[in-house]
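Chemist: We have chain A; now place chain B onto it with these hints.
Residue numbers (this note's numbering), protein chains in the order written: chain A, 4 to 245; chain B, 4 to 245.
There may be inaccurate statements among the hints.
For identical chains, the list gives no copy identity; a pair is met inside one copy or between any two copies.
[As the list claims (entries may be wrong)] No more than 27 angstroms apart at the CA atoms, straight line, and that leaves these computed lysine-lysine pairs for BS3-like:
1. 239 to 189
2. 140 to 184
3. 169 to 244
4. 98 to 61
5. 239 to 61
6. 240 to 61
7. 98 to 112
8. 98 to 72
9. 112 to 71
Please keep in mind that the hints were generated in silico from the structure rather than gathered at the bench.
There are 2 protein chains.
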Amino acid sequence: MYKETNIRTVAKGFSWRFFATATTVVIVYIFFKRLDLAIAAGVVETISKVALYYVHEKLWQRVRWGKKKIEPFNLWFTGLPLSGKTTIANLVYEKLQKYDIPLERIDSKDIRDVIPDIGYSREDRNRHMHRIGHLIKTLQNNSISTIASFVSPYRESRKAIREMVKNNVVVYVKADIETCKTRDYKGVYAKALNGELQNFSGINDVYEEPQHAEIIIETELTSPEEAAETIIHYLKKHYIKL
Amino acid sequence: MYKETNIRTVAKGFSWRFFATATTVVIVYIFFKRLDLAIAAGVVETISKVALYYVHEKLWQRVRWGKKKIEPFNLWFTGLPLSGKTTIANLVYEKLQKYDIPLERIDSKDIRDVIPDIGYSREDRNRHMHRIGHLIKTLQNNSISTIASFVSPYRESRKAIREMVKNNVVVYVKADIETCKTRDYKGVYAKALNGELQNFSGINDVYEEPQHAEIIIETELTSPEEAAETIIHYLKKHYIKL
Chain A
4 MYKETNIRTV AKGFSWRFFA TATTVVIVYI FFKRLDLAIA AGVVETISKV
54 ALYYVHEKLW QRVRWGKKKI EPFNLWFTGL PLSGKTTIAN LVYEKLQKYD
104 IPLERIDSKD IRDVIPDIGY SREDRNRHMH RIGHLIKTLQ NNSISTIASF
154 VSPYRESRKA IREMVKNNVV VYVKADIETC KTRDYKGVYA KALNGELQNF
204 SGINDVYEEP QHAEIIIETE LTSPEEAAET IIHYLKKHYI KL
Chain B
4 MYKETNIRTV AKGFSWRFFA TATTVVIVYI FFKRLDLAIA AGVVETISKV
54 ALYYVHEKLW QRVRWGKKKI EPFNLWFTGL PLSGKTTIAN LVYEKLQKYD
104 IPLERIDSKD IRDVIPDIGY SREDRNRHMH RIGHLIKTLQ NNSISTIASF
154 VSPYRESRKA IREMVKNNVV VYVKADIETC KTRDYKGVYA KALNGELQNF
204 SGINDVYEEP QHAEIIIETE LTSPEEAAET IIHYLKKHYI KL
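The following block holds chain A by itself, in its conformation from the complex (with noise of 0.2 angstroms):
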């Protein structure tokens, strides 16, 4: 969250001065035909209105009235691991900086390295969704929208952040298993298929496909470009009001 500096309101004030001085000059003019005095007119006047534009300015700022709390989202990335939730949630995430919405960008595995022991059980997942479901909620209780990429793999939690957290979009990113496994660079998919992971999902543990998905990628036709398109379309469409 920002708040104005005093250079800003002096930066405005010179800006709108420009603007100002100029019409009065001509509106001097217009009325007395004498461009001397309509252009001394204006130097007292750029003057004495700077001063008084800096002091309405802070006035103002002390003012509440008027201002309107932003409404925020929450972008809910779910997909099997590598699918690529995460490159698109990035994308999507610097594109949109440019649009100046309060923004957090929740990521499963930052969270898991700041918090380990999280576990990777039925319950420990659903556990850990409810943990992730409040600070969203927290942080939309202070206008700040998020945009969360997790595994989640099952209905229930996926469920339990909906009923949790407002404007709720859920975008599954769609990939093939045969797919992800190509992409291993983690080899994350050849230790769970030797067993040495467990609870891992698609290969010994179920991924529940969501049935209420408002964007779904098909990652084997669109590219990563074209996905983040394709999801600030939807968020400019229902929630980014510029």
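Modeler: Then chain B, alone, in the frame of chain A:
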């Protein structure tokens, strides 16, 4: 977080116009000594400039330059169960409303209601504190200050919080254990004493007093109102720039 509504911009335009036109009329009168022309110029100026002001404000709202990120703080209340943390924290939260700072209240009880099964063992508590630290950090990334109240009996977890967040202000709410017992309207001390509650700080688990608290509140000597004032005074000195 807030954004400026169109009606607010219009109102600022009118309020500015009142002062600005008054100056114009005076200036024109000084130069030409003709009140009729001065007023006529004022009228034309008013009409053209209210519109210009609106456009000028709306253009500036798209400019990011000159806005400064608000620096957040974390007020961390620690103390025995029923020492008075929540009461004082709530009072501080209420009193800070008028300062228009983005602020979130985080209370142990609320979080344990939303996310059950957190546990009370040393390991559970430390892990829980780590998650709370992550929540505060995420809020701080978005300029949101926090008022957190947790028994937080272990030095190591309070230290972890201090390392994770910035502008950390520990408030030690100090109460004699005998005083806390007399305040036992929830009956929790009674339950801990007869063994129904395990890991109860101060009874069958330690409460490690803070050694570096920024503020110490002696609840036997200080009313919640006085305590809140002391804390707000500290915040105004260090973190709240008006």
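Chemist: Need the list of violated hint numbers for this structure, in ascending order.
Modeler: Violated: hints 1, 2, 9.
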